[in-house]
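Engineer: If you read the protein sequences in the order shown, they are chains A and B. Following our numbering from start to finish, the first sequence increments by one per residue and tops out at 161. Following our numbering from start to finish, the second sequence increments by one per residue and tops out at 1064.
If you're looking for bench data, these hints aren't it; they were derived computationally from the structure. Some hints could be false.
Said to hold, decoys possible - Derived lysine to aspartate or glutamate pairs resembling DMTMM-like cross-links, with alpha carbons at most 20 Å apart:
no.	chain 1	residue 1	chain 2	residue 2
1	A	K24	B	E1057
2	A	K16	B	D1046
3	B	K1060	A	E74
4	A	K48	A	D123
5	A	K153	B	E1057
6	A	K31	B	E1057
7	A	K153	B	E1043
8	B	K1025	A	D161
9	A	K96	B	E1032
10	A	K16	A	E58
11	A	K153	A	E135
12	B	K1021	A	D106
13	A	K124	A	E74
14	A	K52	A	D106
To be verified - Partial list, derived from the structure: chain B residues whose beta carbon lies under 10 Å from chain A:
no.	residue
15	P1019
16	I1022
17	V1023
18	F1038
19	H1039
20	Y1062
Said to hold, decoys possible - Partial list, derived from the structure: chain B residues whose beta carbon lies under 7 Å from chain A:
no.	residue
21	N1007
22	F1027
23	G1053
24	V1058
25	N1061
Don't be surprised by glycine CBs; every beta carbon is placed ideally from N, CA and C.
The residues making up each chain are set out below.
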Amino acid sequence: MKDNQIPEGSIQTFCKLTPAQRAKLNLFEDKAQMVQVEKVIRALPIVKCEAKGFTEGEEKSTMSDAITLHFSVEYLNLAKDETPGYTHSNTFGFLKRQQWWIIVADAATQQQVILAQQLDFTDKDGKDSNKAVFELKQRFGRAGTFSFHVSFKCDSYVGFD
Amino acid sequence: MMLSVCNELNAANRQGMSPKKIVAKNFATILEFGQYFFHGLFERDDPLLQLPGFTQEVIKNYRR
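Input sequences plus hints: build the corresponding full structure.
Structural biologist: Printed below as a string of structure tokens:
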């Protein structure tokens, strides 16, 4: 790992290496096993998450402004017209699609749920997409700073949240 | 499924129809339970065990 300048050994880091870097690690005696691993990595949720809040057309919000909360999850290892597929598991014997959830909680307590929403990986025309966008428009009834704690969670794989 | 039920319970709580309130940690725990369940792992297990062919020995070699 040190020879290949890999900073830490998490699953995310391993999946973000190039196939050549992974092959250089010589993890398996049988090369066919590495081919299997590469196929699975292509299906794993290597994503870019984004969360922002803004008022449209305004720099400062007033009491009557609707505030837009924008959340997105984009699969970096899928083409634009591809959508996340079934979960790969060595032990689970049923087909299951991978899903992403956003959990928005009050920042002070991080407990009170404001929103818990499953994300939909289709574009505006209903076609498959590698990006899910969710927008919520809300009037808060007063001006000021509002803080939230947002978690992006995949329901199918450990270590990618 | 369970998360939809949690959302329903929270909606009922907001309307005063249910005393049960599901907090963010409950949502996270349900999702994390699902993650480990699908891969037959325990919480203390390494996430790399999700990949085919990965054993404790392979992981040890990777982190070497």
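Engineer: Which of the listed hints are broken here?
Structural biologist: The structure breaks hints 3, 5, 10, 15; every other hint is satisfied.
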